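Engineer: One-letter residues, chain by chain:
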Amino acid sequence: MNPTNWNRDPKNSVGKPRRRVDARARVTGQVRFADDLSLPRMLHCRLVRSHVPHAKILGIDASKALARKGVKLVLTGEHFPIAYGVLPVSHDEHPLCNDKVRFVGDPVAAVIATTEEEAIDAANDVVVHYESLTTIATPQEALATPEPRIHTYGDSGNVHKKVHFEFGDVDASFAGAAHVFDDTFFYEGNTHLPIEEHASLAIQDPEGKLCIWSSTQTPHYLHKALAKALAMDPAHIRVIATPNGGGFGGKSDPFNHEIVVAKAALMLGRPVKICLTRLEVFYCHRGRHPIEMRMRTATDKDGNVLALDLQTLLDGGSYGSYGVASTFYSGALQTVTYTIPRYRFRGCRAFTNKPPCGPKRGHGTPQPRFAQEVQLDRIAVKLGKNPAALRLQQLAQPGSLTANFMRIGTIGLGACIDKVVEGSRFRERWGKLPFGRGLGLACSSYLCGAGLAINWAELPHSGVQLRLDRSGEVTAFCGATEIGQGSDDVLANIVAEILGIPPFDVRVVTGDTGLTPVDLGSYSSRVTLMMGNAAIQAAERARDLIAKSAGEKLGVPASRLVFANKRVFDAQDPNVGMTWLEALHRAESDHGTLGTVGSYRPAAPAAKYKGGGVGPSPTYSYSAAVIETQVDPDTGWIHVEHVWVAHDIGRSLNPTLVEGQVIGSVYMGLGEALMEEQVFRRLPPRLSNALVHKIPSILEYKSLTSKDMPDVTTYLIEDPDSAGPFGAKEVGQGPLLPMMPALANSVFDAVGVRVDEIPVTPEKVIRALEAKSKRYGPDEFPTVDWPEPLKVAPPWEGGDGTAQNEKPRKSKIAKDGTRIVTP
Amino acid sequence: MTDDTPRTTVRMTVNGEDVETTFGTHKTLLEVLREELGLTGTKHGCELGECGACAVEVDGKPILSCLLMAAECDGAKVETVEGLMDDARLHPLQEAFADLGAAQCGYCTPGFLMTAKSLLDANPKATRAEVKEALSGCLCRCTGYQQIFDAVLSAADKMGRA
Ligand code: FES
Ligand code: FES
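Each protein sequence line maps, in turn, to chains A and B. Counted from 1, the first sequence has number 1182 at position 693 by the numbering used here; the numbering is strictly sequential. Counted from 1, the second sequence has number 361 at position 76 by the numbering used here; the numbering is strictly sequential.
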């Protein structure tokens, strides 16, 4: 691309609050979600799920089901010998279980019938014979019970993954510290609870190829999984991601049911649809990992952190999912918020016989963020400092490398803190409110997309293609997936901004592997930045072609042309110009049919040690929040009075949507902080040994209703970051992170007790009030046999991003372009 | 559903039009709307009366269509999101939801719109607290509700002035 001298300050639609381009469909009920689709001759699929948590499958008798009139097909594990999974390191799932089941809910068979009712009845007729195995309910049990193994791969026994990093001589820092803080925390798991239940519809298309519509956040990964699990040529598979009725990470894995309906459609030559029930959605899960944590912090006499020593133990559930990444994420971002000169991180993920955990909004980082921010509050109290001042004195530095070699871009965190402190009058009121009322502050940072892709191919992470039609309409094609966050609007907005046309003149076609260039998917807050940069490149290429033609005709240098209000004109004399349509026609006559492409791949991370691939991002967003609560010391009831939240957005592309993401994050964070729990219990042995979800219904899985939601004051801090499109950073996940610690800190300010466990429930508040320690939380961190650390010297101690004690790694490129690195 | 499944025929007015439809007697109004009449604007998140996504208006009252047997709807007047527009013009609630960001994924939106419509029809001057109360049976996982409250109040304002 030619370097361009157009500056990136937006003049048109970017930065202006407005209705999103797809709003009309959303308010008229015309968005076609996956379950809204139906086709002639469509069949219905129902999965037979295991009711035992860990067992060998001895046999499956489907004769009764097959004898039913409407039943067309029964599939079992025999039809699916090939394993798949989202991460290349954990292809540990089969579309239907092959020889054993690993959790209550694991699918063992599938029934395809003419009606949904018939499929349900027939599924109940399938008899599965099991031989039960020892069931593992917690990571502690997993550590103590190496046999029987839930999986035959992984670090050892029922340990899936262990990691150990040391960035600098942490013990020396502790030895020389003025203060040492040592706390243990527990963060209970919770789930996404999208209101839309997962659904998929697969067909064999008229050419005999596979096409599937599915409520997925990651059509590209589903595409790969289908090709692998069905041993098909990916060129004969088309995945169309239907708009998701909420995702939050819960629709990011390729799912069993998707592969099953695909196979059935291909075998039967008829459309096959499945829509999960709410109960099944709870069991599909892939949500927040429960994590035990121990955080030790060494500080100088002023509370400046000298070193951090973090241990995490993750309850992974029964499959890998994104879990290896989650394990790294439970330690990777501790360093990007404040200056941490030395850092040790030890993380362990264990398998248990529960639904698999995976990525939920904030992926692996809310848990250690909770620990760090609550501990900072303790440090402030102990040293008699204001929690805001303690943070402000040691913010990470813009443009710097952290101890673990994360490269930081701009940091709007100082401004964020100032805003929420001012708005809530935190300095004047913290520590001084009457008993029962409190204020809590917390901060956070988050990725704007992962610097390294899941599949390490040297290929773009996002691609955008533009088609410029003679009518003046521009169509933007991109594999990004609309999950409600507004990615279609981001795409239209950016293209429209550069071409000077209204966003509503841009048609977007997204999330369709048969039509759109690959985008890796709607996860890790990557879409605005990555798709946005690809869109800029494509749109600027189009603009350059048009400017050349228009400039020649007008006798004005192309670089002086302005694209705005559907016109192309001379910046020095706006009367000299032509309409958008005229310019478009000139360009088409000069260059032929108009179309451009753009793509984006992040720069190589600075972290070169093994495991350093998780955490790097083109830039990081920052958030700060103050929560005010009223806590009843008799009942423990916590009433959230108000939330002030500030988010470092870099640049707000459409402030209406940005604000919506911030408030939505506050809402979901408060749900986690106060009530949401994905918890399990064993049924009494005389019934079975099942390990079942305690509360698999929307009524019992408590989440905030409209009446629980406090008023939120939102501040957007705009300090454009050169890595982002027009300077924009992410907003979908970051603002959730400070909620849980800010809530816990406000409860301390209100009634003087520490609840070191999420959720902070009334019962725990009462138990803490009654305890001598004035605390509720885990007493100790479980003993884990940690491996030798990978030693990496921080940048300021001469480190270059490689580990001092690492064997060189070999890498090779696999058939599908994936780079495989082996130790 | 097999050949011997009992079937029922009802006549109702759906979005102002008379319809006669025959369906398996076990079906809920939600299922009949979506599966028999092709009105997929009404959504489901639980089919147990817990999420509010399926709210429609029946005889002027907000009703969870997953909890109402369609067989009981003979003679009923049913309004769904498909009938909210005035010909091709958006209802003020729809305008406000669109402008103020009250629909993110949009999955809960039809339920919120129909519940809010019932509220404003009965109480055109509803306060913020009354809006919160009236909508408390509808769950939204995306918005945090604030932009929904703003939209309902802004629509109420516009409808009052119209
Ligand atoms: S579908 Fe959830 S209340 Fe009706
Ligand atoms: S907008 Fe997604 S659930 Fe409400």
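No lab work stands behind these hints, which were simulated from the structure alone. You may find that some hints are simply not true.
[Unchecked claim] Computed cross-link-like contacts, DMTMM-like style, restricted to lysine to aspartate or glutamate with a CA-CA straight-line distance of at most 20 Å: (1) 1183(A) with 335(B); (2) 1037(A) with 1001(A); (3) 417(B) with 671(A); (4) 558(A) with 289(B); (5) 1191(A) with 332(B); (6) 651(A) with 1197(A); (7) 362(B) with 418(B); (8) 1196(A) with 335(B); (9) 1196(A) with 380(B); (10) 505(A) with 335(B); (11) 553(A) with 289(B); (12) 1263(A) with 1059(A); (13) 874(A) with 1197(A); (14) 1196(A) with 435(B); (15) 1191(A) with 335(B); (16) 1191(A) with 418(B).
From a predicted model like this one, the values you see are computed outputs, not experimental measurements.
Engineer: Next step is simple, just say for each hint if it's right about the structure.
Structural biologist: Quick rundown of the hints versus the structure:
{"no.": "1", "hint": "1183(A) with 335(B)", "result": "holds, 17 Å"}
{"no.": "2", "hint": "1037(A) with 1001(A)", "result": "violated, 33 Å"}
{"no.": "3", "hint": "417(B) with 671(A)", "result": "violated, 43 Å"}
{"no.": "4", "hint": "558(A) with 289(B)", "result": "holds, 12 Å"}
{"no.": "5", "hint": "1191(A) with 332(B)", "result": "holds, 17 Å"}
{"no.": "6", "hint": "651(A) with 1197(A)", "result": "violated, 39 Å"}
{"no.": "7", "hint": "362(B) with 418(B)", "result": "violated, 25 Å"}
{"no.": "8", "hint": "1196(A) with 335(B)", "result": "holds, 15 Å"}
{"no.": "9", "hint": "1196(A) with 380(B)", "result": "violated, 24 Å"}
{"no.": "10", "hint": "505(A) with 335(B)", "result": "violated, 37 Å"}
{"no.": "11", "hint": "553(A) with 289(B)", "result": "holds, 19 Å"}
{"no.": "12", "hint": "1263(A) with 1059(A)", "result": "violated, 70 Å"}
{"no.": "13", "hint": "874(A) with 1197(A)", "result": "violated, 32 Å"}
{"no.": "14", "hint": "1196(A) with 435(B)", "result": "holds, 14 Å"}
{"no.": "15", "hint": "1191(A) with 335(B)", "result": "holds, 11 Å"}
{"no.": "16", "hint": "1191(A) with 418(B)", "result": "holds, 17 Å"}
Hints 2, 3, 6, 7, 9, 10, 12, 13 from the earlier list are contradicted by this structure; the remaining hints agree with it.
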